[in-house]
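Numbering (this note's numbering), first residue to last: 1 to 330.
Hints were generated in silico from the structure; no laboratory data involved.
Just so we're clear, the structure is a prediction, and the values are computed from it rather than from any experiment.
Think of the CB as a built atom: it goes at the ideal place given N, C-alpha and C, for glycine as much as any other residue.
Some hints could be false.
For lysine-lysine, the following DSS-like pairs were computed, each having C-alpha atoms within a straight-line distance of at most 30 Å [said to hold, decoys possible]:
#  : residue 1 : residue 2
1  : K265      : K296
2  : K194      : K163
3  : K217      : K194
4  : K183      : K217
5  : K217      : K296
6  : K194      : K183
7  : K183      : K265
8  : K217      : K265
9  : K265      : K163
10 : K183      : K163
Here are the computed distance ranges between Cβ atoms for each label pair [claimed, not checked]:
#  : residue 1 : residue 2 : range
11 : A229      : E198      : 22 to 32 Å
12 : K296      : A229      : 28 to 38 Å
13 : E102      : P69       : 12 to 22 Å
14 : R107      : V151      : 36 to 46 Å
15 : I323      : D22       : 32 to 42 Å
16 : I323      : K194      : 21 to 31 Å
17 : A80       : P281      : 51 to 61 Å
18 : V151      : S59       : 38 to 48 Å
19 : A101      : T208      : 25 to 35 Å
20 : T307      : K183      : 40 to 50 Å
21 : T307      : V151      : 32 to 42 Å
22 : Q266      : E146      : 25 to 35 Å
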Amino acid sequence: MRAGNDNHDLQVPGGHVPVMLDRVLELLAPALARPAPVVVDANLGLGGHAEALLAAHPSLHLIGIDRDPDAIERSTIRLAPYADRITLVRAVSDELTEVLAEAGHPRVHGALFDLGVSSPQLDEGERGFAYSYDAPLDMRMDRDEELTAEVVVNTYTAAELIKILRNYGEERFAPRVANLIIKERAREAITSTKRLAEIVRTAIPAATRRTGGNPAKRTFQALRIEVNAELTALERALPAALDALTLGGRVVVLAYHSLEDRLTKQVITARTRDTSPPGLPVPLPAHQPRFALLTKGAELPSEEEVTRNPRAASARCRAAERIREAVDEE
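Make a model of the complete structure from these sequences and hints.
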């Protein structure tokens, strides 16, 4: 997603603006009110949040990570006015620890995760992310990778397809969709987004098709997550970012579907709990929480923002602050 926000002065290429930008800036600002702060943007995308952060904090150094070479190229151009204060790296977010070490900033004051698929990936039909365009079944964020949606659709077993449709798409008709895919690909390989969308539509019962938007949405989401191992990357990258935060450092996560948000909640909640055994008169230092929640549940974009940018509608924002170093660091 990663599109749409309140600040029209920060228009990005294609007319998109960053999701929940004002709230992201507000949440990160206290952590960056210090000399020479460092932020890692783990999903750089079009660089909209990065640009706003650099403009708001004149001494900020920003480390931007994205696996998509197009995103790195676009952001390099966009952030050119701040060239001496940025380090942009083509990498997967779960390589965050290594990227920070190589950049000479193993500890940072802020971390931002703007998850999901970026606007150019959705809007450029040939990328194969969207069911609204007829395009090759690709869906790779990094087009140097070998696994594509076409490979998944045409080579995975029925059981494997059912598993990813259920786990990553939360598709309740996963067996029907998977079995029809198997049947149709035996007749002819499934190579286009249009044909796959039609197959999914046929597999979904008519009564269900009449509500809830395009019936292919969940299948396309599942394939995209599988192709790019998105949840696996987040599962490793978010804890790494939390570990990298200095005292008073903050993390902000924008998730766009329930799987991302659930995983984000689990990771952050685990760091904000006191894990002392029950019944002790005093909490054990080693078990005291290292982080405090900054958001109550998942915050949503304003109605005004959603009206301007429907893609922002699914955004869910969570944030936390490091309030204590680990015992072995104290």
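Verification of the hints:
{"no.": "1", "hint": "K265 / K296", "verdict": "11 Å, holds"}
{"no.": "2", "hint": "K194 / K163", "verdict": "23 Å, holds"}
{"no.": "3", "hint": "K217 / K194", "verdict": "12 Å, holds"}
{"no.": "4", "hint": "K183 / K217", "verdict": "21 Å, holds"}
{"no.": "5", "hint": "K217 / K296", "verdict": "29 Å, holds"}
{"no.": "6", "hint": "K194 / K183", "verdict": "17 Å, holds"}
{"no.": "7", "hint": "K183 / K265", "verdict": "39 Å, violated"}
{"no.": "8", "hint": "K217 / K265", "verdict": "24 Å, holds"}
{"no.": "9", "hint": "K265 / K163", "verdict": "23 Å, holds"}
{"no.": "10", "hint": "K183 / K163", "verdict": "17 Å, holds"}
{"no.": "11", "hint": "A229 / E198: 22 to 32 Å", "verdict": "27 Å, holds"}
{"no.": "12", "hint": "K296 / A229: 28 to 38 Å", "verdict": "31 Å, holds"}
{"no.": "13", "hint": "E102 / P69: 12 to 22 Å", "verdict": "18 Å, holds"}
{"no.": "14", "hint": "R107 / V151: 36 to 46 Å", "verdict": "40 Å, holds"}
{"no.": "15", "hint": "I323 / D22: 32 to 42 Å", "verdict": "24 Å, violated"}
{"no.": "16", "hint": "I323 / K194: 21 to 31 Å", "verdict": "51 Å, violated"}
{"no.": "17", "hint": "A80 / P281: 51 to 61 Å", "verdict": "59 Å, holds"}
{"no.": "18", "hint": "V151 / S59: 38 to 48 Å", "verdict": "46 Å, holds"}
{"no.": "19", "hint": "A101 / T208: 25 to 35 Å", "verdict": "49 Å, violated"}
{"no.": "20", "hint": "T307 / K183: 40 to 50 Å", "verdict": "42 Å, holds"}
{"no.": "21", "hint": "T307 / V151: 32 to 42 Å", "verdict": "39 Å, holds"}
{"no.": "22", "hint": "Q266 / E146: 25 to 35 Å", "verdict": "30 Å, holds"}
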